[in-house]
Every structure is written in C-alpha cells, then in structure tokens.
Amino acid sequence: MSDSIKEDKTIDLKGLPCPMPVVKVNKGIKQVDVGQVLKAIASDPGALTDFPAWAKTSGNEILKTDQEGDDIIFYIKRLK
Amino acid sequence: MDSVYYFILVPMVYVAFFIFIAGNILQIVKVIQRKRFAPPLKIYPEQKPSFLWAIYDAFLFPMVRRSNPILWFFLIGFHVCVFLLFLGHLELIGDFSVLQIIGHEIFIGRGFVGLGILIALLFFLFRRFASPVRQFSVPEDYLILMLLLLTAIFGSQMDWARTWYGYGELTVYEYRPYILSLISLSPDIGPVMDVGHSFMLVLHVFFANLLLMFFPFSKLVHSIFAVPLNMIRRGK
Amino acid sequence: MDPKLHQEMLKAISDKLTGVMQMYLDTCSRCGICASACHVYASVPEFENTPVYRAESIRKIYKKYFKLQGKLLPMIGEAVDIDDNTADMLKKTAYSCTGCRRCMVYCPFGIDTQQIMSIAKLLLIKAESEPEILSMLADVSISKGDSLDSVKENFLKGLKKIEADVVEKWKLEAGKVAIPTEVENADILYVALAGAHSIVPAAAIFNAAGENWTLSFFEAVNFGAFVGDPSKTKLILDRIINEAIRLKVKEVCICECGTAYRVMAQLSGDKPFKVSSITQVHARYIREGRIKLKPLPADVSVTYHDPCQIARNGGVIDEPRYIIGQIAKDYREMSPDPKTNWCCGGGGGLVALGDETIDFRMKSSKVKADQVKKSRAKILITACENCHTQLDNLNEHYKLGVEVKFLSSMVADALIK
Chain A
1 MSDSIKEDKT IDLKGLPCPM PVVKVNKGIK QVDVGQVLKA IASDPGALTD
51 FPAWAKTSGN EILKTDQEGD DIIFYIKRLK
Chain B
81 MDSVYYFILV PMVYVAFFIF IAGNILQIVK VIQRKRFAPP LKIYPEQKPS
131 FLWAIYDAFL FPMVRRSNPI LWFFLIGFHV CVFLLFLGHL ELIGDFSVLQ
181 IIGHEIFIGR GFVGLGILIA LLFFLFRRFA SPVRQFSVPE DYLILMLLLL
231 TAIFGSQMDW ARTWYGYGEL TVYEYRPYIL SLISLSPDIG PVMDVGHSFM
281 LVLHVFFANL LLMFFPFSKL VHSIFAVPLN MIRRGK
Chain C
317 MDPKLHQEML KAISDKLTGV MQMYLDTCSR CGICASACHV YASVPEFENT
367 PVYRAESIRK IYKKYFKLQG KLLPMIGEAV DIDDNTADML KKTAYSCTGC
417 RRCMVYCPFG IDTQQIMSIA KLLLIKAESE PEILSMLADV SISKGDSLDS
467 VKENFLKGLK KIEADVVEKW KLEAGKVAIP TEVENADILY VALAGAHSIV
517 PAAAIFNAAG ENWTLSFFEA VNFGAFVGDP SKTKLILDRI INEAIRLKVK
567 EVCICECGTA YRVMAQLSGD KPFKVSSITQ VHARYIREGR IKLKPLPADV
617 SVTYHDPCQI ARNGGVIDEP RYIIGQIAKD YREMSPDPKT NWCCGGGGGL
667 VALGDETIDF RMKSSKVKAD QVKKSRAKIL ITACENCHTQ LDNLNEHYKL
717 GVEVKFLSSM VADALIK
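If you're matching them up, the sequences are chains A, B and C in order. Straight run, no breaks: the first sequence in our numbering ends on number 80. Straight run, no breaks: the second sequence in our numbering ends on number 316. Straight run, no breaks: the third sequence in our numbering ends on number 733.
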C-alpha cells in the first residue's frame, strides 16, 4: 500500500465511545461515491477491531490503518 | 311467546354453559400445549413466598391502587360484587350453611350488591369515553360492559322489586325449582312463568347466556390467566 | 402484499407464540393503567405512546390469524390483516418502546410489553424494515466471532494503547500483566465493551483485588437483542459462551451494559459457569476486603439511576447501593423505589440509533430529567452504557447540571492501598 492515499472526505470520530464510530462511519461511507476514499479518525481503541469487522460485513475495503499518538486513522474505500 | 321464553330459559342456558366450560378448557389446553418460554420473566426485587405475593397481586392489584386509587376502588368494588353475586346465585340452588354463617336473607345484600355493580360498570363505561382509554378501546370492551350492564340491570330489578317494593310473586322459592330442574336435566319453567315479572328473568338469563358464550373468546379470560401471569411476574 | 412474505411473517408470530405469550395477548382488558407507567406517555401524553396501544398493534394481528374471535367476528376486536402498512405501523410501536418493563410492574396481570414488542421487532426484520444500523452492528459483532484470529491481532494492538492508563490507576507488581487475555482456568472472564472506558477502570479494580482474571476478545453488548433477532442474538452470545468454555473459566462477569447482562444472565438458559454483573463483583470485593475505597468529601451528593435491565429486570439492586454507601456520605435515592424507577429513555436500541432518535429520546424522557432534578444530587451514577449515554444527552438537553458517571469508574477512582 502506498503512502500517498488521497482521501475524498474526512470524518472525525474522536472521543466517541463504541459503537458510535462504526455507526458514523457507516453513514459517512455513503457520502462518498463508489471508488472514493473516506478518511476516518477515531480515538477509541475498540475501533481497531470494529472497523475491519464492519468493512467485511458492509463490503468495503480498509486500505490502510495509521496510528498517530492517540488517533487511529482509517482509509476506507467505498466498494459498493 | 312461550316458545321464545322456553328457548332462552332452557336450551340456550344449556348451550351457554357448554360453550362457557368447553371454551375455557380449550383456552387453557391451548396455553399448555404451546411451546414453553423457558427464561424467567420476573420483576425484581423478589419477595418470598412468591406464590402468596402473586395471589396478593392478582386479587388486590396493589400497583393499581398506587397509580389510580379511584379506578382501584371501583375495580375492587366490582369484583367483590361479582363474588357476592356468585354466592347469591349459589343460594338459589340450595341452602349452604357455610354461606349462612353470617345469617342473611337470600338473595344476599338486599339488592345493594346489584346497585354497586351497576355503579361500577357505569364508571368503567364512562371512563372509556375519556382519552387516552377511548383511543385504545375496541368494540369488545363496550360489548362486554353492555352485556354486563344489561344482565345486572335485569337481575337486580328482580331483587329490587322483591326487597324494596315488596313484590312477592317471584321469589327465591320460584327460582329454586326452575334451576334445580335445569341441573337435574328435567327442565321445567313452570314455576317462573305466568307471573307478571317473568320477562325480567328471561331478559336477565338471555344476556347472561350471551355473556357466558362470549366469555372464553374475550378478554374475560383474564379471570383464568390473572393468577398464572402474576406468578410468572413474581417468579414462581 | 407478497404472499411469501405474508407467510413468513405469520410463521414469525407463531414461532413467538408461547403459552405465556398467548396469555399476554388474550388477557389484556385495556384498562389503561400502563399508560401513565410509561415514561413516553408520562412525558408526551398521546395515546400512541401507551404500552397498551403498542401491544394492541400486535394483538390485533394475533386475533386475526390465531384467535377464534378474530376469525369469526373481526370487528369486535378490530382484528387487522398483515399488509403493506403493517411494517410502518410496527416501526412506530416497536421503536417507541425501550423494553424497560415499568408498565409490567403496574399492569394488574403483569403483561410484559417488551415480550409482545419482540414479535413486532421480528416482523420488522422479516419485512426488512428494521433499523438498518442495529442489524449492521449485530453483523459486525457476529463477523468478529467468525474471524477470531484477525480480531485478536488488532484487539491486542488496541489493548497496548490503554495499558498505561490501567497502571496509572493501579500500580502492578513487577511481572504482572495489566490486561490479561486468554488465561485458561481463570476465575473470571470479563466481557467488556469495545471501548477503553469499559476496560480501564475494570482492569484496575481486578488487579487491585488480585483477581485471576482474563479479558474477553468480544464486546458484551448484544445488538441482536436490540434489533430483536433471535438467531443473531444467539450467535453473538455464543461467541462469549464458547470463549468461556474454551478457557474453562469459573465465572463470566458482564460489564456495565444492561442488555448484555440480562441476555447472558437470564435469557439464555443454563451455562457451565456463573454469570455476574461487574457491580456484583465489585460489591463482593468490598465485602471480602479485597479492595479498599476512599470516600468522597462529605458534601458531594450522589444519586443512582437503576438500569432497567440490571435492576428491575436483572435483580442487581442492593449491590450498587452497598458500593455507593462505601464511597459517598450523601446518597439520595432517586425514585420511591428501584422497581418503579423511570427508564432513562434510551433502551431497546434507541441510543445505538444515535442522532436518528435523539429528538424522540429527549422528548420522551422528560420525566426522567425531572426525577434527576428532584434528587438535587451533584453526581448521577449509573451502571449501563446505554443509560450513561442517554443520561449525558439528557443532562445537556435539560441543563440538569449533574455529572454523569459510571459506577465502576467511581470505584476505580476511589481505590486505595
């Protein structure tokens, strides 16, 4: 995975307890077009397990997961 | 006219009792035959012995008293009256010394039980006209109230005539042979016929018959299910 | 309407039609006592907000297809067909009920509206009209159970991030793990939520008590139960049960989550381990002298909101009061009694639906806000994730000026050597 992933939209999910990050990312992904990339920034470590499971059930792809300090950053490509 | 009277006082009574008993048994059998819901559905905190608390809840509905004391007063009054009327009707069949521990003239209550039940029924009826009860009431609710009202009015009327106005032509000693004749399966309506008041009895029996026949298929089955449901809530 | 769907919906009702359910459906006399017992009706007095109206939405369908009265004389009980409008109607009734079962306390027969609404929720699923978010969350939970290995890796990564927070609350002896996982024969398997706030205080307390514990890989909350899907509920539950059996633990301790506790403790049959709520475990530690707590200053007033599924429906009533008694001098009972405590207004999946339900949740919980206000306490404690979120929202909306706190974090903050 290259480092130069360009996001089309960013949502901030910091401070939200689970399952709110998943709920919001599920909404957020619908605001980008199929093929575009959504950047989601969460702070709750629960997102680390929730997001991959969500991507699998919703049929989207997590391109990359970054950690910067307390932030967990997901790059998600909308596949359908 | 005589054949209509006969129909209501004899065959219809038999049919009504048959449907009442068979229908209620059917309802109970249906409940037993269905799948069981295994997990507990009780409400905490528990109070022991839960069986006695369930009986207390089923017969005295303490939470109704807490939230709506006026309704509770009429509900208790109504059900006590129903019970007294049941005892009263038993004494139409024969003399029970147990029931005469507190000596009284048959029919028990000198007509005031019937008056009480009518007042309670009118309260229930008018209560249904007020929001929000009006909106979730269904025709069944009014139908049952009307049947109860009509049964009670004509039933009470017979007693009021006798005890309050000294109308002595149709008394316990006329009803008794009629009822006993029904029980012994050799129906004879002679004793209660040919008195000016007979049509009151006929109307009373007619509406009571309807009520009995509708009972197992209506919300009146709460009289059967109140105890088991309260036991489930108490976690028997 | 599609005859196949019609058939499926009828089958769903008959699957739910246990003996108890039939009694619930046959017995109601529409006295309306339940109306004022419901926080929704008490806050917004419209007839659609009464438990009996909600139950009637199912009862009228039941009469039509399963009751002689409805078959012969449908108009007497206003029996209705299942048709294309059914789902729209049930959406309103099923998701305006939080399943708190306060109405059941008042009903002279003890009719359980939550049970009746479980039929409505199942019918919505069949008609594919259930709240999409809840089904999605349930699927996410199930998917985690299916791919445990990939979950493990990320989960442990997540734990690394919060280990320091645990140690900050309670210093560990050298060589001890702050958050143990996969400990066989552990005394306690702790099932948390997928969030730091549900793990950190609990871990500190387990460590302080010297407990032989292990953390579950799965979150406790059961979105299958919220959405009312029995098969998903079971799949989600089974992940945890299987983990507990695999590790041969003695006791499963459920975090501060009402639904999770009730489903695990009461609605899932016999299990080869004990089930406790974390509140019960903490009370036990204090009673046994395994942890010691420093009381709050005497002038700090606190009150406790009993989560419906844990107190009224789960029986954990004395324990939180015992714990609070150790921490706070000025405790104020919120309601006349825990049995009739008002629901926070966020149960039944409403909180998980987030912004979608916030208007309804705020309007329908005015009585709860008033109850909190009346206590005049500074700190509002609760022991359920849902309640906490909802109470936080209420605090903001109604300007209650309280601090909403989890009981477990109060305990963790009060730990002393």
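These are computed hints drawn from the structure, not numbers from a lab. Some hints here could point you the wrong way.
What the hints assert, rightly or not - If the Cβ cut is set under 10 Å, some of the chain B residues that face chain C in the computed set are:
(1) F97
(2) Q215
(3) P219
(4) I224
(5) M226
As the list claims (entries may be wrong) - According to the in silico footprint, chain C covers these stretches of chain B (three or more CB under 8 Å from chain C):
(6) 113 to 124
(7) 295 to 301
What the hints assert, rightly or not - Over 10 Å on every C-beta distance to chain A, these chain C residues come out as not near it, computed from the model:
(8) A328
(9) D455
(10) S463
(11) G511
Think of the CB as a built atom: it goes at the ideal place given N, C-alpha and C, for glycine as much as any other residue.
Against the structure, the hints come out as follows:
no.	hint	verdict
1	F97	18 Å, violated
2	Q215	4 Å, holds
3	P219	5 Å, holds
4	I224	9 Å, holds
5	M226	12 Å, violated
6	113 to 124	holds (count 11)
7	295 to 301	holds (count 4)
8	A328	23 Å, holds
9	D455	4 Å, violated
10	S463	7 Å, violated
11	G511	4 Å, violated
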